[in-house]
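Student: Work the whole structure out from these sequences, hints included.
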Amino acid sequence: MIIRGRNLFKLNVRDEDFALMVTLSNIFNLELPSLRDILTGSVGFYYNYNLCHVRTIKWDEILTGPDAKPVYVYNFTYPERHCEFKSTCDESCEAGCWGEGPHNCQNFSKINCSPQCHQGRCFGPNPRECCHLFCAGGCTGPTQADCLACRNFYDNGVCKQECPPMMRYNPASYSWESNPNGKYAYGATCVKNCPDHLLRDSGACVRTCPANKKAENHECVPCDGPCPKNCQGVDVVHANNIDSFKGCTIIEGSITILDTSFDGYQEVYQNFTFGPKYPRMHPSRLEAFSSLKEVTGYVSIQALHPEFKNLSCFRNLEIIGGRQLTEYFAALYIVKTSLESLGMRSLKKISSGSIAILENDDLCFANTINWKKIRKSGSHSILLQSNGNETICQARNLKCHPQCSTDGCWGPAPNECLSCKAYNLNDTCVAKCDTLNGMYDAGNKVCKYCHEECLGLCFGPGNGNCSACRNVRDGPYCVSKCPETKYRDGGICKQCHGNCAGGCYGPENNIGPNG
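According to our numbering, the sequence shown is numbered sequentially starting from 11.
Think of the hints as simulated: they come from the structure by calculation, not from any bench. Some hints could be false.
[Unchecked claim] Listed next, the in silico SDA-like pairs over lysine to any residue satisfying Cα-Cα at most 25 angstroms (straight line):
| id | residue 1 | residue 2 |
| --- | --- | --- |
| 1 | 239 | 191 |
| 2 | 223 | 170 |
| 3 | 303 | 229 |
| 4 | 223 | 207 |
| 5 | 224 | 250 |
| 6 | 170 | 508 |
| 7 | 224 | 240 |
| 8 | 359 | 456 |
| 9 | 202 | 189 |
| 10 | 382 | 424 |
| 11 | 491 | 471 |
| 12 | 224 | 303 |
| 13 | 223 | 195 |
| 14 | 224 | 184 |
| 15 | 455 | 411 |
| 16 | 239 | 227 |
| 17 | 68 | 43 |
| 18 | 358 | 413 |
| 19 | 382 | 455 |
| 20 | 491 | 211 |
| 21 | 442 | 454 |
| 22 | 358 | 207 |
| 23 | 223 | 187 |
| 24 | 346 | 295 |
| 25 | 170 | 187 |
| 26 | 359 | 233 |
| 27 | 458 | 184 |
| 28 | 239 | 202 |
| 29 | 202 | 190 |
| 30 | 256 | 283 |
| 31 | 431 | 384 |
| 32 | 303 | 251 |
| 33 | 359 | 431 |
| 34 | 359 | 389 |
| 35 | 79 | 21 |
Tutor: Next up, the structure:
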């Protein structure tokens, strides 16, 4: 038996971290004769007046972690039971014991080893009787298959430093491919498949995905932008609830922004009693909506503020569902605001409900938008009335960028067009694909940047279409560094000698600077 100490116990009054702690116990014997190794952490015994055999244990044999030590604390409230080795442990015991009888003798596989074992473990006192370094708790022979337990990972009867990787490098195709012998790390065991209640992530079985990934088909995959987070809508956005929308990607419900959102207000209930009082809120705090991609209900904006000029806080909003409608008809309702532009550059679909943009004296661009491309319900209306004067908008240079198509725009920038006149580069409209600045024509009027490993020009996607490499070339591909089986020679990856293991520095068949 071994204790790995992955999670340690800490007392407020001590500096040590404990892997084994026994406190305020009336037991006479701990009886852990199979305990061979504690990889990390100390052991602590606090106020156990009957527990005395543990004082005979040679803890140097068991404790492996740096700075690990045994800690005994007793406050002498009751007389402590004393156990002397000679009178308490069985006569067959080599040294310490866990209790009476020969079955409780402490086992040894470390402190009686030959110096050649380098503080590792052994199965005998001779120099050639050392355990493999991957063993924990002892062994029955010198190989990785003779360990009693594994320090790192157990793989089908053999102790290993790491589980076989899920991907392996293929030198013939200069690419990574699935490893048919790959296994996942499941605790300290290598397994072919993770248990059904766990997820697969980077060659390991995990309970939850890390912050930048989401679960998909029992596997953690990178999120495209912010990871999904569902939040509930509110009646009115105000200073006390705005921060609850940070990181939200979907709002189940609706959003309403009113004058009172910025001015603050006091809740008054139907029985004329007062509720919470909400302070003023600056429009900049609406940036909490910046990760939002979908609203299942409606979006209603009816607010004036001298610094409330656009809805760029909704720049990533793609869908308004219209499952609930405001004023019984509208999914997007923007009325009597101080807005100059909408800035909702990602909005692609309003599934149901009308569009009403009315009486916004300073609002430009709204009349340029081809709303029919966004409104998906032909039975609902598009109402645009009494917004900013087009002549005044033009005079203030509030007009679509020249690279926008006739579908209109959400604002004056080239990344606020509904569609592009010429080419699209990462959602920004451009006149052409600038090959001198690391772009290529991907077809369908789309420009894309060359692979990050390309230096200068490229002829297509991926790291196999570069005219030159930023770091090093491996066959036809530009890569950040050479694979383990190759060495770098003047910007080119070349094959190590066939007798090399674990990498090389040059072509020679020896251990040294060039081999």
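Student: None of the hints should be skipped; say for each whether it holds.
Tutor: Tested hints:
1. Between residue 239 and residue 191 the CA atoms are separated by roughly 36 angstroms; this puts the pair beyond 25 angstroms, and the hint is violated.
2. As the CA atoms of residue 223 and residue 170 are separated by approximately 28 angstroms, the hinted pair breaks the 25 angstroms bound.
3. Our distance criterion of 25 angstroms between C-alpha atoms is met by residue 303 and residue 229, whose separation comes to about 23 angstroms.
4. The hinted pair formed by residue 223 and residue 207 meets the criterion: a straight-line CA distance of about 17 angstroms does not exceed 25 angstroms.
5. Note on residue 224 and residue 250: the hinted pairing is violated, with a Cα-Cα distance of about 29 angstroms set against a maximum of 25 angstroms.
6. Restraint check for residue 170 and residue 508: the C-alpha separation of about 23 angstroms stays at or below 25 angstroms, so the hint holds.
7. Between residue 224 and residue 240 the alpha-carbon distance is near 13 angstroms, which keeps this suggested pair within the 25 angstroms criterion.
8. Of the pairs offered as hints, the one joining residue 359 and residue 456 holds, with about 22 angstroms between alpha carbons and a cut-off of 25 angstroms not exceeded.
9. Restraint check: the Cα-Cα separation between residue 202 and residue 189 comes to about 11 angstroms, which is no more than 25 angstroms; the hinted pair holds.
10. Annotation: proposed proximity of residue 382 to residue 424 holds, straight-line Cα distance about 21 angstroms (limit 25 angstroms).
11. Between the alpha carbons of residue 491 and residue 471 the distance comes to roughly 20 angstroms, so the proposed pair stays at or under 25 angstroms and holds.
12. Restraint check for residue 224 and residue 303: the C-alpha separation of about 16 angstroms stays at or below 25 angstroms, so the hint holds.
13. At roughly 19 angstroms between alpha-carbon atoms, residue 223 and residue 195 fall within 25 angstroms of each other, so this suggested pair holds.
14. Annotation: proposed proximity of residue 224 to residue 184 is violated, straight-line Cα distance about 30 angstroms (limit 25 angstroms).
15. Restraint check: the Cα-Cα separation between residue 455 and residue 411 comes to about 17 angstroms, which is no more than 25 angstroms; the hinted pair holds.
16. About 18 angstroms separates the Cα atoms of residue 239 and residue 227, which keeps this hinted pair within 25 angstroms; it holds.
17. At roughly 12 angstroms between alpha-carbon atoms, residue 68 and residue 43 fall within 25 angstroms of each other, so this suggested pair holds.
18. For the given pair, residue 358 sits about 19 angstroms from residue 413 by alpha-carbon distance, which is consistent with the 25 angstroms threshold.
19. Restraint check for residue 382 and residue 455: satisfied, since their Cα atoms lie roughly 22 angstroms apart, inside the 25 angstroms limit.
20. Our distance criterion of 25 angstroms between C-alpha atoms is met by residue 491 and residue 211, whose separation comes to about 24 angstroms.
21. Taking the CA atoms of residue 442 and residue 454, the gap is about 12 angstroms. The hint holds against a cut of 25 angstroms.
22. Pair hint residue 358 plus residue 207 does not hold up; C-alpha atoms about 37 angstroms apart against a cutoff of 25 angstroms.
23. Taking the CA atoms of residue 223 and residue 187, the gap is near 22 angstroms; set against the 25 angstroms cutoff, the hint holds.
24. Between the alpha carbons of residue 346 and residue 295 the distance comes to roughly 20 angstroms, so the proposed pair stays at or under 25 angstroms and holds.
25. For the hint pairing residue 170 with residue 187, the CA-to-CA distance comes to about 22 angstroms; that is within 25 angstroms, so the pair holds.
26. Simply put, residue 359 and residue 233 have alpha-carbon atoms about 22 angstroms apart, close enough for the 25 angstroms limit, and the pair holds.
27. For the hint pairing residue 458 with residue 184, the CA-to-CA distance comes to about 24 angstroms; that is within 25 angstroms, so the pair holds.
28. For the hint pairing residue 239 with residue 202, the CA-to-CA distance comes to about 32 angstroms; that exceeds 25 angstroms, so the pair is violated.
29. Between the alpha carbons of residue 202 and residue 190 the distance comes to roughly 10 angstroms, so the proposed pair stays at or under 25 angstroms and holds.
30. In summary, the hint linking residue 256 to residue 283 is not supported, as the alpha carbons are separated by about 31 angstroms, beyond the 25 angstroms threshold.
31. For the proposed pair residue 431 and residue 384, the alpha carbon gap of about 18 angstroms is at most 25 angstroms, so the pair holds.
32. Between residue 303 and residue 251 the CA atoms are separated by roughly 19 angstroms; this keeps the pair inside 25 angstroms, and the hint holds.
33. Using a Cα cut-off of 25 angstroms, the hinted pair residue 359 and residue 431 holds, with the two alpha carbons roughly 21 angstroms apart.
34. Between residue 359 and residue 389, the direct Cα distance comes to roughly 15 angstroms. Compliance with the 25 angstroms bound is thereby established for this hinted pair.
35. Taking the CA atoms of residue 79 and residue 21, the gap is about 15 angstroms. The hint holds against a cut of 25 angstroms.
Violated hints, listed in ascending order, are 1, 2, 5, 14, 22, 28, 30; each of the other numbered hints is respected by the structure.
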